[in-house]
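*Asks:* The lines below spell out each chain.
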Amino acid sequence: MNRIVRLAPALLLAAAACAAPAPTGQGGTPASKVGGSVTFVATTDPDTLDLHQTSNPVSSTIFGWIYEPLIYQDLDNTYKGLLAESWAVSSDNRAITFKLRKGVTFTDGSPFNAEAVKFTFERLVRVGAKSPIFETFKNIASAEAKDETTFVLNMKEPSAPIFHDLQTAYAGILSPSAVKAANDNIGRAAVGTGPYKLKEFQTGQQITLERNADYKWPPALFANRGAPYIQELRYRVIPEPATQLAALDAGEVDVLGLAAKDLARYSADGRFKIYDSFTYGLTYLGFDAKRPPFDNAKLRQALSRAVNKSEIVQVVFENKLAKVSCCPIAESIQGYDPKLKDFELGYDVAKAKAGLDELGYKAGADGLRATPDGKPFKPVLYTSTSDTHGKISTLLQAQFKAVGVDLQIKQLEAGALLAATPKAEHDLYLNGYSWNEPDMFSLFLSCDRIASSNRVLYCNPELEALIRAGRTELDQGKRMKIYFDAQKLTMQEAPWQPLYMPVSKTAINVKIQDLKQGQAGGLYWHDAWVKQ
Amino acid sequence: MGRYVLRRLVLALPVLLGVSVAVFLMIELVPGDPATVLAGDTASADQVERIRHELGLDQPLPVQYLRFVERLAHGSLGESTRTHREVLLEIAERFPYTLALALGAVTLSTVVGVGLGILAAINRGRAGDHVTMGIAIVGLSVPTFLLAIVGIIVFSLALHWLPVTGARTWQSYILPIVALSLHSAAVKARITRSSMLEVLGQEYLRTARAKGLRERLVILRHALKNALIPVTTIVGLQFGALLGGAFIIENIFGWPGVGRLAVQAIFNRDFPLVQGTVLLVAVAYLLSNLVVDVLYAWLDPRIRYG
Chain X
1 MNRIVRLAPA
11 LLLAAAACAA
21 PAPTGQGGTP
31 ASKVGGSVTF
41 VATTDPDTLD
51 LHQTSNPVSS
61 TIFGWIYEPL
71 IYQDLDNTYK
81 GLLAESWAVS
91 SDNRAITFKL
101 RKGVTFTDGS
111 PFNAEAVKFT
121 FERLVRVGAK
131 SPIFETFKNI
141 ASAEAKDETT
151 FVLNMKEPSA
161 PIFHDLQTAY
171 AGILSPSAVK
181 AANDNIGRAA
191 VGTGPYKLKE
201 FQTGQQITLE
211 RNADYKWPPA
221 LFANRGAPYI
231 QELRYRVIPE
241 PATQLAALDA
251 GEVDVLGLAA
261 KDLARYSADG
271 RFKIYDSFTY
281 GLTYLGFDAK
291 RPPFDNAKLR
301 QALSRAVNKS
311 EIVQVVFENK
321 LAKVSCCPIA
331 ESIQGYDPKL
341 KDFELGYDVA
351 KAKAGLDELG
361 YKAGADGLRA
371 TPDGKPFKPV
381 LYTSTSDTHG
391 KISTLLQAQF
401 KAVGVDLQIK
411 QLEAGALLAA
421 TPKAEHDLYL
431 NGYSWNEPDM
441 FSLFLSCDRI
451 ASSNRVLYCN
461 PELEALIRAG
471 RTELDQGKRM
481 KIYFDAQKLT
491 MQEAPWQPLY
501 MPVSKTAINV
511 KIQDLKQGQA
521 GGLYWHDAWV
531 KQ
Chain D
1 MGRYVLRRLV
11 LALPVLLGVS
21 VAVFLMIELV
31 PGDPATVLAG
41 DTASADQVER
51 IRHELGLDQP
61 LPVQYLRFVE
71 RLAHGSLGES
81 TRTHREVLLE
91 IAERFPYTLA
101 LALGAVTLST
111 VVGVGLGILA
121 AINRGRAGDH
131 VTMGIAIVGL
141 SVPTFLLAIV
151 GIIVFSLALH
161 WLPVTGARTW
171 QSYILPIVAL
181 SLHSAAVKAR
191 ITRSSMLEVL
201 GQEYLRTARA
211 KGLRERLVIL
221 RHALKNALIP
231 VTTIVGLQFG
241 ALLGGAFIIE
251 NIFGWPGVGR
261 LAVQAIFNRD
271 FPLVQGTVLL
281 VAVAYLLSNL
291 VVDVLYAWLD
301 PRIRYG
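So the sequences go chain by chain: X and D. Take 1 as the starting number for the first sequence in this note's numbering and just add one per residue. Take 1 as the starting number for the second sequence in this note's numbering and just add one per residue.
Among the hints, a few may not be true.
[To be verified] As a list, the in silico DMTMM-like pairs of lysine to aspartate or glutamate whose alpha-carbon atoms are at most 20 Å apart:
| # | chain 1 | residue 1 | chain 2 | residue 2 |
| --- | --- | --- | --- | --- |
| 1 | X | 423 | D | 129 |
| 2 | X | 138 | D | 28 |
| 3 | X | 138 | D | 293 |
| 4 | X | 138 | D | 93 |
| 5 | X | 423 | D | 93 |
| 6 | X | 298 | X | 357 |
| 7 | X | 156 | D | 293 |
| 8 | X | 180 | X | 85 |
| 9 | X | 102 | X | 148 |
| 10 | X | 99 | X | 85 |
| 11 | X | 505 | X | 232 |
| 12 | X | 199 | D | 93 |
| 13 | X | 531 | X | 318 |
| 14 | X | 423 | D | 293 |
| 15 | D | 225 | D | 293 |
| 16 | X | 423 | D | 79 |
Simulated from the structure, these hints should not be mistaken for lab results.
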């Protein structure tokens, strides 16, 4: 669920630019706006600032300020050059040639060039097993630095998701000289080309980033053509939600994501402005589709009809922090198509009951159903220990009871849940994904991932063929059609019942000016400045 | 006494070894392995296996333990699976904050607790006794986390005197120390009172008074010294426990101590770090118990160690 944070750094760079013109100083940065600080909250320490050695969301948020990838995803979801000026894909779709930006330097003073890109990607393949983009880079046959500004990525087979992975914070380019100087131990010695550099890492307390005054290569869509205005960014480690709120009230932090219960209070507080944004993902109810009884699609369909998504969004999120989802690809992600709503099973208690009756799950005197062979039908739902998942599970229990199914709930701590699901200990599974690419199908519903991230253990050769086609098709129109079909099939087969797309509400101190938002609500900071 | 201390320290070694074996076995029982947690929810089975191999978790358990002992013999507790830094370094960064909190809380709670206990004992049955014991009951009843939150609301949000989180300034230490102290001060007040009452009835105090000693000297020099023996035990145990970290308080105040480190390590299945912090707690208990035993001899010369 935290992947949105990992994807945020690219958004941070992709700012919609309409700041008021101001007298410019060195590097195009108006001197009058420079200064101040912004303090964010981190619930834990970033485990490491080595972007090849982690999938930690706090780490990836910080990567976005320090490191820059070759490309970024623009407001319209298209990919544009960041450290690459342009690129060309070979006719067989197996090689991408990047022309790199000239005049870029790392914050240790060393030059950015094709050798640095080659060094970075080769290191990722060598040490990056913990990186979420590692699997994609296993498809790389070779990386070549043709000359100072020409870099070629050769792939074993065409890969459409590679552009997505290349724009994540995890694909930021490292300074080879800084890595060598740190003896490959860059967990506390992060050096990139980004708008900020690491100033101080106070374990358990705060990470401080300092403005890179030499930065002068922001994406073209920014009004600010030079270094960022804000002098310092701080990530203060505060694990406890109540303390986070107190710190916001006391002015110790400036930016904080809000829970539904706190929205009214902070919306009415003139010191803050509330920003809405969508998450690139959704929360779903899954069935263990590998073993009986949920290997039967009809049973999955019947129970899917018992789920009242609107009630979940209303009761748990007060209709504020979530939006009902119809389809496997969330509304915020490329590949979502509202026409798919026609294939949604929909909430229908009568049809759910009829489906269960038809399958032989008859209700007893107490209204609860038994399996066709006469045993009590008590499917077990596995979910995390999060408060939100607990509330949703309780609601689902009540909704299932209305059709005579006695749902049992088992909440497990995250690590235990990750270990339990590949072993098929569950009947149902409540969790979410966050992945800004329609290829999320290959992570969460592919036969290849049965023993790992496909936690509903669903394997359908027809869907598998579509997933494979989607991964290798580079024509966007054709690719989206493939994902339309994949979603339709998934909605009919019902290994998942998409429930809702989370909506974030962030309170930000009004001292921060000219903060912009993209279509999905992502926050863009490069034009922002602090009113002193 | 020197030989006694040395013998206790030598005996501590098998205890620590036993603790390390127990923790190693307990860790095996925890569901979820470090590789899966590290790889995250999108990782493939190959990725998880590769991480498991990198961490040496694909080796049999006795081999893993022997490697741990081998590293320990070389003065290393291994590397954190998440941060890739030496466990000793991770703990060393956090320990000064925990030590400061523990020292502050133990000092404050002892001064306040013992003071209130004496006050109650010498005013037995009178208003002073009722008021101080009333305060002690409140201290025992109010949960530490509640006190911490009320402290933040009053002193940080309403009065703006103290910061909400962190350990950056001396003011940051006040709320966590006070919050941690209240409960233990109450315990010490009650123990001091009952212990003092027992001592105050002894013949040797009557003798002291008969000799014409001032009441203040009778109480502080003669009565208190003997009454402090049970209090010393409590101080030692509390200090040992606090050195292992006070997770709730550290969590509320965003305090960068060992408690938070240990709990986070458990959630992350960062087993080398869990081992390291548990060993730290064990050492803290052993040393604080040793100090308590040595203090007994000073407080009561009849106690001798051979």
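*Asks:* Taking the hints in turn, state whether each one holds.
*Replies:* Cross-check of the supplied hints:
no.	hint	verdict
1	X:423 with D:129	violated (62 Å)
2	X:138 with D:28	violated (31 Å)
3	X:138 with D:293	violated (61 Å)
4	X:138 with D:93	violated (37 Å)
5	X:423 with D:93	violated (39 Å)
6	X:298 with X:357	holds (11 Å)
7	X:156 with D:293	violated (70 Å)
8	X:180 with X:85	violated (27 Å)
9	X:102 with X:148	holds (9 Å)
10	X:99 with X:85	holds (6 Å)
11	X:505 with X:232	violated (24 Å)
12	X:199 with D:93	holds (18 Å)
13	X:531 with X:318	violated (34 Å)
14	X:423 with D:293	violated (51 Å)
15	D:225 with D:293	holds (15 Å)
16	X:423 with D:79	violated (29 Å)
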